[in-house]
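K.L.:
Here the protein sequences come in this chain order: A and B. Position 9, counted from 1, in the first sequence is what the working numbering calls 9; the numbers after and before it change by one each time, with no gaps. Position 185, counted from 1, in the second sequence is what the working numbering calls 185; the numbers after and before it change by one each time, with no gaps.
Don't take every hint at face value.
Claimed, not checked - Calculated Cβ distances over 10 Å to all of chain B for the following chain A residues: (1) Thr21; (2) Asp81; (3) Ala109; (4) Leu113; (5) Glu127.
Claimed, not checked - Dumping the calculated DSBU-like pairs for lysine-lysine here, alpha-carbon to alpha-carbon at most 30 Å: (6) B:Lys84 <-> A:Lys119; (7) A:Lys155 <-> A:Lys119; (8) B:Lys84 <-> B:Lys162; (9) B:Lys135 <-> B:Lys191; (10) B:Lys153 <-> B:Lys135; (11) A:Lys147 <-> A:Lys119; (12) B:Lys162 <-> B:Lys204; (13) A:Lys147 <-> B:Lys84; (14) A:Lys115 <-> B:Lys84.
Worth flagging that the hints you see were computed from the coordinates, not collected in a lab. A virtual CB, placed ideally from N, CA and C, is assigned to each residue, including glycine.
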Amino acid sequence: MATYQLNINGQRKEVNVDPSTPLLWVLREDLKMTGTKFGCGISACGACTVHVGGVATRSCIVPVSHVGDRPIVTIEGIGQDSVGRAVQDSWVETDVVQCGYCQSGQIMAAVALLKHTPKPTDQNIDESMGGNICRCATYPRIREAIKNAAAELTKGGA
Amino acid sequence: MPGIRVGLVVAAVVAVALVAGAFARTAEVVDSNSMAQGLAAWDQVYSVLTHPRCINCHTATNYPQQGDDRHRHIANVVRGPDGKGVPGLNCASCHQETNADSTGVPGGHNWHLAPLEMRWQDTNDRPLSSAAVCKQITDRSRNHNLNGPGLLKHHEEEPLVKWAWNPGIRPDGTARTLPPMTHEQFVAATKRWVETGTPCPSGK
């Protein structure tokens, strides 16, 4: 066991866990931040996506000991950011969600895309979101919501 | 005695010619041996470069490969503009600075795909021939302008090259396979190849 000081959504959190514990387990089990979901456990579906040091990261396969001092942003905190807020609003307005299980990961990946590529093409969306699986096949609405968020952010000069 | 003088001169010329010829033949033998040694060393280098730990990230396609069967990387991972994936799905989305043996994900500093000009496969994921890989790796317009000593240093010190001999364990807990020789042997083979002038096999 080891103690880690984590910066999560701008707050300092201390956990005492085995160094090999995946970040997802720390979030969900130790910190009770259950917005981030367990999907496949092998980084294949994207449901567990969070941002670590600004990079969309599959938290199910990253041991907490590998995080270091990089700030972590989860679905619980993404709305504090202008791009994150715009994406969440667009998700609601576009009525993207069906069952919703994968959507926190979808939103985290979409935010990462829009932060890097403010006006994404269909190919940009396909490539960046292609690793986030949705069993309800909400992909057309995800694409639409990303484009709506991009338009809103561009209009607002964000 | 002009006749004798002429005879001596002729004899001297013949002797010099014979000696020179012998030296030339010796030089040819040495060059031939050197070339053979260089090509033999290259064969060893090539056997490492085409091992899955190395060639899986020297693809000619829009994606990296995984495993000893060199299957397409899971999760629809794509190359991206600089070989590091795309914003929602970077290499660094999973691959950290070191191997994560508890989850079976390999890692190393600056994890990325080799650029397309350094591909060692064709677009059907078949390894290129020894001659073709040798031509690529010695083409300074396609190898980050590395000369022989630069290639040796790259093989000796580059963290992602060295990672191939410390690839961690798979998600199922078994060890990833290693290239067919030790890193020290690989560096020694590269050194012999470089010292003989980085010869390449003929052919395509």
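K.L.:
Now tell me, hint by hint, if it's right for this structure.
P.N.:
Cross-check of the supplied hints:
1. The beta carbon of threonine 21 of chain A sits about 8 Å from the closest Cβ of chain B, which is not more than 10 Å, so the claim that it is off the interface is violated.
2. Residue-level check passed: aspartate 81 of chain A sits 15 Å from the nearest beta carbon of chain B, beyond 10 Å.
3. With a least CB separation of 4 Å from chain B, alanine 109 of chain A falls inside the 10 Å interface cut-off, contrary to its annotation.
4. Listed as outside the interface, leucine 113 of chain A is inconsistent with that label: its C-beta sits roughly 5 Å from the nearest C-beta of chain B, within the 10 Å cut-off.
5. Once the 10 Å rule is applied to beta carbons, glutamate 127 of chain A is inconsistent with being away from chain B; the minimum gap is 5 Å.
6. About 20 Å separates the Cα atoms of lysine 84 of chain B and lysine 119 of chain A, which keeps this hinted pair within 30 Å; it holds.
7. In summary, the hint linking lysine 155 of chain A to lysine 119 of chain A is supported, as the alpha carbons are separated by about 11 Å, within the 30 Å threshold.
8. Taking the CA atoms of lysine 84 of chain B and lysine 162 of chain B, the gap is about 19 Å. The hint holds against a cut of 30 Å.
9. For the proposed pair lysine 135 of chain B and lysine 191 of chain B, the alpha carbon gap of about 17 Å is at most 30 Å, so the pair holds.
10. A threshold of 30 Å between alpha carbons decides the hint, and for lysine 153 of chain B with lysine 135 of chain B the separation of about 18 Å falls inside it, so the pair holds.
11. Restraint check: the Cα-Cα separation between lysine 147 of chain A and lysine 119 of chain A comes to about 8 Å, which is no more than 30 Å; the hinted pair holds.
12. Restraint check: the Cα-Cα separation between lysine 162 of chain B and lysine 204 of chain B comes to about 29 Å, which is no more than 30 Å; the hinted pair holds.
13. Between lysine 147 of chain A and lysine 84 of chain B the alpha-carbon distance is near 24 Å, which keeps this suggested pair within the 30 Å criterion.
14. Restraint check: the Cα-Cα separation between lysine 115 of chain A and lysine 84 of chain B comes to about 17 Å, which is no more than 30 Å; the hinted pair holds.
Checked against the numbered hints given earlier, this structure breaks hints 1, 3, 4 and 5; the rest are met.
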